[in-house]
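Assemble the whole structure, with the sequences as input and the hints as a guide.
Top line first, the protein sequences correspond to chains A and B.
Per the numbering used here, the first sequence starts with residue 1, numbered consecutively.
Per the numbering used here, the second sequence starts with residue 1, numbered consecutively.
These aren't lab readings, by the way, just hints derived from the structure by calculation.
The beta-carbon is built from N, C-alpha and C at its ideal position, and this holds for glycine as well.
Incorrect hints may appear among the rest.
Claimed, not checked - Examples of chain A residues lying across from chain B (beta carbon under 7 angstroms, computed):
hint, residue
1, 161
2, 164
3, 205
As the list claims (entries may be wrong) - Among chain B residues calculated to face chain A with C-beta under 10 angstroms, some are:
hint, residue
4, 12
5, 88
6, 107
Said to hold, decoys possible - Pair ranges (Cβ atoms, derived):
hint, chain 1, residue 1, chain 2, residue 2, range
7, A, 174, B, 114, 51 to 61 angstroms
8, B, 49, A, 172, 47 to 57 angstroms
9, A, 97, B, 113, 52 to 62 angstroms
10, A, 73, B, 38, 15 to 25 angstroms
11, B, 82, A, 131, 45 to 55 angstroms
12, A, 101, B, 52, 41 to 51 angstroms
13, B, 31, A, 156, 42 to 52 angstroms
14, B, 116, A, 97, 56 to 66 angstroms
15, B, 49, A, 178, 42 to 52 angstroms
16, A, 160, B, 50, 38 to 48 angstroms
17, B, 114, A, 97, 30 to 40 angstroms
18, A, 115, B, 28, 25 to 35 angstroms
19, A, 172, B, 91, 30 to 40 angstroms
20, A, 21, B, 116, 50 to 60 angstroms
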Amino acid sequence: MNVAVAVYDVKQDAFARASEAGPAPKRVVVGFGFWVFLLSDIVMFSALFAAYAVLVRATAGGPAGPQLFNQVTVAIETACLLASSYTCGMMSLAVSARRRLDTYLFALITFVLGAAFVYLEVREFADMIARGAAPQRSAFLSAYFTLVGCHGLHVAAGLIWLAVMMAQVAIKGFRPAVDRRLLCFALFWHALDIIWVWLFTAVYLMGVHP
Amino acid sequence: MTDAPYDLAPGDVSIFGKAARMAASGVGIYTIGLVLAVILTATSFWVANTSLLWALGVPMGLVVLAIAQMGVHLVFFLHITTAPDNTNNVLALAFGVFIVFLVVVGSLWIMTDLNHALMPSSGPMNSHMQH
Numbered sequence: 001m002n003v004a005v006a007v008y009d010v011k012q013d014a015f016a017r018a019s020e021a022g023p024a025p026k027r028v029v030v031g032f033g034f035w036v037f038l039l040s041d042i043v044m045f046s047a048l049f050a051a052y053a054v055l056v057r058a059t060a061g062g063p064a065g066p067q068l069f070n071q072v073t074v075a076i077e078t079a080c081l082l083a084s085s086y087t088c089g090m091m092s093l094a095v096s097a098r099r100r101l102d103t104y105l106f107a108l109i110t111f112v113l114g115a116a117f118v119y120l121e122v123r124e125f126a127d128m129i130a131r132g133a134a135p136q137r138s139a140f141l142s143a144y145f146t147l148v149g150c151h152g153l154h155v156a157a158g159l160i161w162l163a164v165m166m167a168q169v170a171i172k173g174f175r176p177a178v179d180r181r182l183l184c185f186a187l188f189w190h191a192l193d194i195i196w197v198w199l200f201t202a203v204y205l206m207g208v209h210p
Numbered sequence: 001m002t003d004a005p006y007d008l009a010p011g012d013v014s015i016f017g018k019a020a021r022m023a024a025s026g027v028g029i030y031t032i033g034l035v036l037a038v039i040l041t042a043t044s045f046w047v048a049n050t051s052l053l054w055a056l057g058v059p060m061g062l063v064v065l066a067i068a069q070m071g072v073h074l075v076f077f078l079h080i081t082t083a084p085d086n087t088n089n090v091l092a093l094a095f096g097v098f099i100v101f102l103v104v105v106g107s108l109w110i111m112t113d114l115n116h117a118l119m120p121s122s123g124p125m126n127s128h129m130q131h
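Below you can see the structure in the form of structure tokens.
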């Protein structure tokens, strides 16, 4: 009985201190706001996923997944994105430890891996279009190019953002505003990796077998 | 009990529990996450290509592996935990997952149902329509 009361008191205390401490620091507010944006972005992707799943059989007599998808390319793309997520984490650690050289190094590796991913995807798209599997060929291909292309656009935007952030670190240094933007960038980059997990599962791996 | 008067920003490491003790070597958290993610990804590619498994169970297995890998990314890369200073982040995530589930499963359910209903010569409904 006594123990239960004691635990209850401690919990009350923890919540009271969180709610009575006044406005949260800007880093927490900005991080949470960006987290909500990322979740809304994921909800948008869920609509594209739903459209793809509904239209995956609507090939209109054109080529279907098994003839189009190359698992080796997908595996390399996955490896690039996963490794870049890891080096992005290393960059976050270097930023919080204020190690400028490590920050540049890991940002560079992250950028190169992300650029390799975008290059492979553009090559894959160009190859498919050259073989007559363009977005206008069938509803399945329209949904495919929209879904995968939207993720590719996000990665490309992330690359530009990363380059801008490194310029800001070089010019402005690790001031709080730059710090918060780097936190948001890391969240963005890791969230893109989560979307890619669902992409290679739902589109490529489930698509190779009819 | 707590030295943290505020909730945490997503992506910041919680001071509670095991994560706090491992945060001393933050590289460890990311490395564990990378190893788990690589294992799960490799398993996904194996499951999709093997003939050892019952073919109809493969999609379900792939979904389970993807959910597991999503959890690994959330915990080890985004540092979303169930610690008390993460309540806001987890609640937002739960709402997001709920909406995603509604959109994807709802669309698939309704469209599959419509496909069945509109299938030509599919039993009593069609013959009824011809009268």
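Going down the list of hints, with the structure as the test:
no. : hint                               : in the structure
1   : 161                                : violated, 15 angstroms
2   : 164                                : violated, 19 angstroms
3   : 205                                : holds, 4 angstroms
4   : 12                                 : holds, 7 angstroms
5   : 88                                 : holds, 6 angstroms
6   : 107                                : holds, 4 angstroms
7   : 174/A to 114/B: 51 to 61 angstroms : holds, 55 angstroms
8   : 49/B to 172/A: 47 to 57 angstroms  : holds, 49 angstroms
9   : 97/A to 113/B: 52 to 62 angstroms  : holds, 55 angstroms
10  : 73/A to 38/B: 15 to 25 angstroms   : holds, 18 angstroms
11  : 82/B to 131/A: 45 to 55 angstroms  : holds, 48 angstroms
12  : 101/A to 52/B: 41 to 51 angstroms  : holds, 48 angstroms
13  : 31/B to 156/A: 42 to 52 angstroms  : violated, 28 angstroms
14  : 116/B to 97/A: 56 to 66 angstroms  : holds, 59 angstroms
15  : 49/B to 178/A: 42 to 52 angstroms  : holds, 45 angstroms
16  : 160/A to 50/B: 38 to 48 angstroms  : holds, 40 angstroms
17  : 114/B to 97/A: 30 to 40 angstroms  : violated, 56 angstroms
18  : 115/A to 28/B: 25 to 35 angstroms  : holds, 28 angstroms
19  : 172/A to 91/B: 30 to 40 angstroms  : holds, 34 angstroms
20  : 21/A to 116/B: 50 to 60 angstroms  : holds, 56 angstroms
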